[in-house]
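Peer 1: One letter stands for each residue in the lines below.
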Amino acid sequence: AQKVTQAQTEISVVEKEDVTLDCVYETRDTTYYLFWYKQPPSGELVFLIRRNSFDEQNEISGRYSWNFQKSTSSFNFTITASQVVDSAVYFCALSEARANDMRFGAGTRLTVKP
Amino acid sequence: ETGVTQTPRHLVMGMTNKKSLKCEQHLGHNAMYWYKQSAKKPLELMFVYNFKEQTENNSVPSRFSPECPNSSHLFLHLHTLQPEDSALYLCASSQGPGLAGLNEQFFGPGTRLTVL
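In order, the protein sequences belong to chains A and B. Here the first sequence is numbered in this note's numbering, starting from 1 and rising by one per residue. Here the second sequence is numbered in this note's numbering, starting from 1 and rising by one per residue.
This is chain B alone, in the form it adopts within the complex:
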């Protein structure tokens, strides 16, 4: 595997379900990100992890819970979601946020989430 991978690629869940999205980067990067892309909305940054520590949480509802066990893996745990949470969830990684010339982010293919 190369680059950034995400599983599953598609997920349909009910509002009472609990599920997790997985992201893995094979680039040796130290920072990982979760983005939400809804129809007709800009990419919204959800969470940022730098060296496994969460450094940003952009007012994301608690029904989204991130986990970063190491620099290569990032999870997004989902519970009691709402239909408006249906979106494409993109994971990205970069060598290091805030470092000159190293802010380029590499994206995974995304997980298309549908909440019924």
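Just chain A, with the same shape it has in the complex:
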């Protein structure tokens, strides 16, 4: 069975601080996909990144970076120089290649204070 754990329920930082959101997953499949979504107060989930299980190369996109480590089954997300607009709930998700669905973690609520 697939499972995603986001142990941090809420994080609060001050603007310009760096913050890392943790994600640990469980799966028996060798082929799977990991995702991060952002849910701002408007409610709509916004796709941020997809990573397949064969690509452990870390990725950087502007102030966002992702660290995928299969050895620890983790897919952590770091925001550098956080901004107030980064305040949202962030979800990590896992989809196995043969599955019909996507399993989400409980989400981490990030608050960035000015």
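There's no promise every hint is true.
The calculated lysine-lysine pairs, modelled on DSS-like cross-linking and capped at a C-alpha distance of 25 Å, are [as the list claims (entries may be wrong)]: (1) B:K52 <-> B:K22; (2) B:K40 <-> A:K113; (3) B:K41 <-> B:K52; (4) B:K52 <-> B:K18; (5) B:K18 <-> A:K3; (6) B:K40 <-> B:K52; (7) A:K3 <-> A:K70; (8) A:K38 <-> B:K41; (9) B:K52 <-> B:K19; (10) A:K38 <-> A:K70; (11) B:K19 <-> B:K41; (12) A:K38 <-> A:K3; (13) B:K36 <-> B:K18; (14) B:K19 <-> A:K3; (15) B:K40 <-> A:K3; (16) A:K113 <-> A:K16; (17) A:K38 <-> B:K36; (18) A:K38 <-> B:K19; (19) B:K19 <-> B:K36; (20) A:K16 <-> A:K38; (21) B:K41 <-> B:K22; (22) A:K38 <-> B:K18; (23) A:K113 <-> A:K3.
To spell it out: a stretch of chain A is covered by chain B in this simulated footprint if at least three of its residues, at any positions, have a beta carbon under 8 Å from a beta carbon of chain B; those stretches are [said to hold, decoys possible]: (24) 40-50; (25) 65-73.
I should point out that these hints are in silico values taken from the structure, not numbers from a laboratory. Even glycine gets a Cβ: it sits at the ideal position worked out from N, Cα and C.
Fit chain B to the given chain A structure using the hints.
Peer 2: Just chain B now, with coordinates in the frame of chain A:
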């Protein structure tokens, strides 16, 4: 319209009412999903449709009845709901479930449902 749209955005209904939520995707996708997001709970997958056929039903009570007339439209019919059914209902679509690299789901803005 682009992406995934949902109507209505907000809905208040009594326990004896019958209402329907509508989802439409303009992305040419073949799979559509209903999720329930309650306060303090993870996103719960309710139903999955692949090429208009229901492929998943995660033990959802029968008072929720999905309908997928075509690959672009998905409905959730509601009847005799309970107050605990109050939640944000999110619709999503993807190009195809279970296909390598195509599992990315695009979400609509959701319908905020309140059951009195």
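Peer 1: Are the Cα atoms of K113 (chain A) and K3 (chain A) separated by 25 Å or less?
Peer 2: violated (31 Å)
Peer 1: With a cut-off of 25 Å on the C-alpha distance, tell me whether K38 (chain A) and K70 (chain A) pass.
Peer 2: Holds, at roughly 23 Å.
Peer 1: Can you confirm whether the C-alpha distance between K40 (chain B) and K52 (chain B) stays at or below 25 Å?
Peer 2: It is violated: about 31 Å lies between the C-alpha atoms, which goes past 25 Å.
Peer 1: Check the hint pairing K38 (chain A) with K18 (chain B) against an upper bound of 25 Å on the C-alpha distance.
Peer 2: Answer violated: K38 (chain A) to K18 (chain B) is near 32 Å, above 25 Å.
Peer 1: Hey, K40 (chain B) versus K3 (chain A), does the alpha-carbon distance stay inside 25 Å?
Peer 2: holds (17 Å)
Peer 1: Starting from K38 (chain A), check that the Cα of K41 (chain B) is at most 25 Å away, please.
Peer 2: With a Cα-Cα distance of about 16 Å, the restraint between K38 (chain A) and K41 (chain B) holds, given a limit of 25 Å.
Peer 1: So if I understand the rule, the pair passes when the alpha-carbon distance is 25 Å or less; does K19 (chain B) with K3 (chain A) pass?
Peer 2: violated (33 Å)
Peer 1: Please verify whether K18 (chain B) and K3 (chain A) have alpha carbons no more than 25 Å apart.
Peer 2: Measuring from Cα to Cα gives roughly 35 Å; hence the hint is violated.
Peer 1: Taken at face value, is the distance from the CA of K18 (chain B) to the CA of K36 (chain B) at most 25 Å?
Peer 2: holds (18 Å)
Peer 1: Taking 25 Å as the top limit, are the C-alpha atoms of K38 (chain A) and K36 (chain B) close enough?
Peer 2: Measuring from Cα to Cα gives roughly 16 Å; hence the hint holds.
Peer 1: Confirm or reject the coverage of the stretch 65-73 of chain A by chain B under the rule of 3 or more residues with a beta carbon closer than 8 Å to the chain's beta carbons.
Peer 2: It is violated: at least three residues are needed, and the stretch 65-73 of chain A offers just 0 whose Cβ sits closer than 8 Å to chain B.
Peer 1: Sort out whether K70 (chain A) lies within 25 Å of K3 (chain A), counting only the CA atoms.
Peer 2: holds (15 Å)
Going down the numbered hints, you'll see the structure goes against 3, 5, 6, 14, 18, 22, 23 and 25, while the others check out.
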